[in-house]
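Protein chains in written order, with our numbering: chain A, 149 to 564; chain B, 149 to 564.
Watch out, some of these pointers could steer you wrong.
Same chains, same label: a pair holds when it works inside one copy or across any pair of copies.
Stated by the list, open to error - No more than 30 Å apart at the CA atoms, straight line, and that leaves these computed lysine-lysine pairs for BS3-like:
(1) K383 <-> K453
(2) K383 <-> K506
(3) K283 <-> K446
(4) K506 <-> K555
(5) K283 <-> K555
(6) K364 <-> K463
(7) K453 <-> K207
(8) K278 <-> K383
(9) K207 <-> K466
(10) K453 <-> K278
(11) K506 <-> K453
(12) K506 <-> K370
(13) K555 <-> K207
(14) K207 <-> K383
(15) K453 <-> K364
(16) K446 <-> K364
(17) K209 <-> K463
(18) K555 <-> K383
(19) K383 <-> K304
(20) K370 <-> K446
(21) K209 <-> K474
In case anyone wonders, no lab produced these hints; they're calculated from the structure.
Number of protein chains: 2
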Amino acid sequence: MTYRDLNTPIRTIMTPGPAEVDPRVLRAMATPVVGQFDPAFTDIMNEVMEMLRALFQTKNKWAFPVDGTSRSGIEAMLASVIRPGDRVLVPVYGRFGHLLMEICERYGAEVEAVYTEWGTVFEPAEIIRKIEETKPSIVAMVHAETSTGCMQTLKKIGHACRERDILFIVDAVASVGGTEVRVDEWCIDGVIAGTQKCLSVPSGMAPLTYNDRVEKRIASRKKTERGIATEEELKQQSDIFIRSNYFDLGMLQDYWGPRRLNHHTEATSMLYALREGLRILLEEGLEERFERHAFHEKALIAGIKGMGLELFGQKEAKLPTVTCIKVPEGVEADSVRSMLLEGFGIEIASSFGPLHGKIWRIGTMGYSCRRENVLAVLGALEAVLIRQGVPVNRGEAVQAALDCYMKPAVKAPIEA
Amino acid sequence: MTYRDLNTPIRTIMTPGPAEVDPRVLRAMATPVVGQFDPAFTDIMNEVMEMLRALFQTKNKWAFPVDGTSRSGIEAMLASVIRPGDRVLVPVYGRFGHLLMEICERYGAEVEAVYTEWGTVFEPAEIIRKIEETKPSIVAMVHAETSTGCMQTLKKIGHACRERDILFIVDAVASVGGTEVRVDEWCIDGVIAGTQKCLSVPSGMAPLTYNDRVEKRIASRKKTERGIATEEELKQQSDIFIRSNYFDLGMLQDYWGPRRLNHHTEATSMLYALREGLRILLEEGLEERFERHAFHEKALIAGIKGMGLELFGQKEAKLPTVTCIKVPEGVEADSVRSMLLEGFGIEIASSFGPLHGKIWRIGTMGYSCRRENVLAVLGALEAVLIRQGVPVNRGEAVQAALDCYMKPAVKAPIEA
């Protein structure tokens, strides 16, 4: 058997992830590996923890990646805090709320769900009422629903949880690095980020952080692995141990902490990638990065509207990094996407479940969030729609976006 | 905060993993990413499945990686086959047998363990007797114990399991790609490999394969994710669903199979790396690769013995890719390792639990398994031992290895 050399096309990736990877990150991954206990490597592990604390705007001791895609981090967090029978409240406003429910159920939680229509979010007061009613020990929710392009405000819910001594766990996979996620200020106890979205690092790692409230819960379920545990430790195993070995955050702590107790073999090249992605982010500055995302979002929206298309979703709840467009009546949504990919090398996304075929989703995340990409997707989408006989305001989309880019008042002028 | 450019030392890595990564694999990782449903990417997914079947010498339909380090693949396999209360027999001859026990317990199995001294393996008849005695529905065991450098023969045990309709699950993380693992011929139902060992790909993926016996078990536990399942599917959820979402091989099948049902976002760059690692392996040829590993092992052993050191472990059970050396009386094992790393840039390994400080382990895996590396580790180890006042046969180690390399009869002469 012979296989040809890896030979992939260059794409303009405007989906809600994976986003384009920063060339500096790609280069970092080509660095030769070192051993997992080499001081040169453990230094990098410590550095990444420090950088993650800055990313999450937290003073938490624990901030490290789980080796797996974003949902591995979500599962690690939930597996580690949920004891069988724990009541968990999950407010659901899109697909990834369902995922949280699903994982909670798998780990034996008694799940209380509260729903709102896809494309809307909750009034915090509504969640707080539901907390009063169901008395959960954990509230788990999504910060940014890529499936609907909506973002939930968290601060009031976080404070309400803290006052009632409830653990507040947040999936911020799509927002971290693209828009504000103030972990400590919003009283989030445990939070998970994604690499392949606003960090512009490939999929395959799930950075997370948690505070001492979560750490205490984990400590109460302590189990050290057979074959490396001391006699003493074997005697002290908890009965309500975490049901997964790979996702046992207590064991991950022992590996990431000063004890350096072997768990897995850290994914070296992915950690190089994450380090470089975080380094680029911290060089740009968190605030500056959030402003950049908001700025290009504005240009994209102006273009979409200029073309004569309508946005999907509650306006005040719009996630700055994902823009959802209603598919015009009679248009075959997936055929437009195929033509964009095949003809223009541009990828945009569909959505899931009830929204499949009803909306397109355009991501403006991390390295993908650039002027040339916004202009390219607008120009190409217009051309494809015209080709498919859809009435649009010809030529207006790109002009409307250019108006935004050329306004002297905005912070990132066309030269930026 | 500013962080310096990633700047890692170049090491000669002679541990039982992570091994050095082939430069071609490093280069593949620097390739820009494409989206997970881009036909350019799904083609690569299909290709990797085909290449994995060749690696595992199997006709199995299912062969794909789990996105995580090796133990994520082990956990995915065990989580997917173990139903709570299933009796699982785990023969333990080192640390990674304990890991299998540990994972089985976490997933609610009734574990029957059988032990043999670290540094030895089992007589197949002994295991078969234990099977008769305990009547398990699953036997889970390690093929190659990196912790002791020993390898268990599997064929007789596999056939005994098949005759009794028992599932036979094997952790072959340290052997696949370095020595024979005949999945179909040995009647292995499910098996897990590692990337960071004999494939010379970075840690972060866990290739596995399983047959229709395992697939049937998985199908009986079917659960499609909330938020993407159809109404019909939601009604048909199994009560004995797999306890993990991330490790639900049924859901991974729906993602890797023609349905392409979104589960996680495949780790793009790691898949590029795995593809390149497999491509290099198939270009070299499986048999040729196994011979290369055996050939360099021979030279290393000759050198170790030439120096006057003793090997650890049962000779007939030696794993060709890991060579364990007894630490001479009075020598501080870890100080020798530090001096090798700091002074010579060469990494060798210690071991775990009862063997920590008692043996050194030298890996000859994949790209690390090269003449210059074998000669370097022998020369440096001798120098460090002399420095520490240990009596050795000065100059003999490298000469003994060179004798092997220069013998005209062997298949890989010094020029190879």
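Requested in this report: Measure nothing new, just compare the shortest in-copy and cross-copy C-alpha distances for K370 and K446 to 30 Å and report within, between, both or neither.
Outcome: Neither way: K370 and K446 sit 48 Å apart in one copy and 44 Å across, limit 30 Å.
Query raised in the report: Within a copy, between copies, both or neither: where do K383 and K304 come within 30 Å Cα-Cα?
Result: Answer is neither; intra-copy 43 Å and inter-copy 36 Å both fail.
**Report entry** K209 and K463: within-copy, between-copy, both or neither at 30 Å Cα
**Finding:** neither (37 Å within a copy, 47 Å between copies)
Requested in this report: If the cutoff is 30 Å on CA atoms, where do K555 and K383 land: within, between, both or neither? Let me know, please.
Outcome: Result: close neither inside a copy nor across copies, 68 Å intra and 55 Å inter.
Query raised in the report: Between copies, within a copy, both or neither: which fits K453 and K364 at Cα up to 30 Å?
Result: So K453 and K364 fail the 30 Å test inside a copy (50 Å) and across (51 Å) alike.
Query - Intra- versus inter-copy proximity for K453 and K383 (alpha-carbon distance at most 30 Å) - result: neither (65 Å within a copy, 41 Å between copies)
Query raised in the report: When no copy is specified for K383 and K506, does a C-alpha distance of 30 Å or less occur within a copy, between copies, both, or neither?
Result: Only across copies: K383 and K506 sit 25 Å apart there, 57 Å inside one copy, limit 30 Å.
Query - Intra- versus inter-subunit Cα pairing at 30 Å for K278 with K383 - result: between (41 Å within a copy, 27 Å between copies)
Query raised in the report: What label fits K506 with K370 when the C-alpha limit is 30 Å: within, between, both, or neither?
Result: For K506 and K370, the Cα distance is within 30 Å only across copies (29 Å; inside one copy 47 Å).
Report task. Tell me, please, which holds for K283 and K555 at an alpha-carbon limit of 30 Å: within, between, both or neither? Result -> Neither, since 51 Å and 77 Å both go past 30 Å.
Query raised in the report: When no copy is specified for K209 and K474, does a C-alpha distance of 30 Å or less occur within a copy, between copies, both, or neither?
Result: Answer is neither: 43 Å inside a copy and 40 Å across each miss the 30 Å cutoff.
Query raised in the report: Quick one: K364 to K463, C-alpha cut-off 30 Å, is that within a copy, between copies, both, or neither?
Result: Answer is neither; intra-copy 39 Å and inter-copy 47 Å both fail.
Going through the hint list in order, the structure does not satisfy hints 1, 3, 4, 5, 6, 7, 10, 13, 14, 15, 16, 17, 18, 19, 20, 21.
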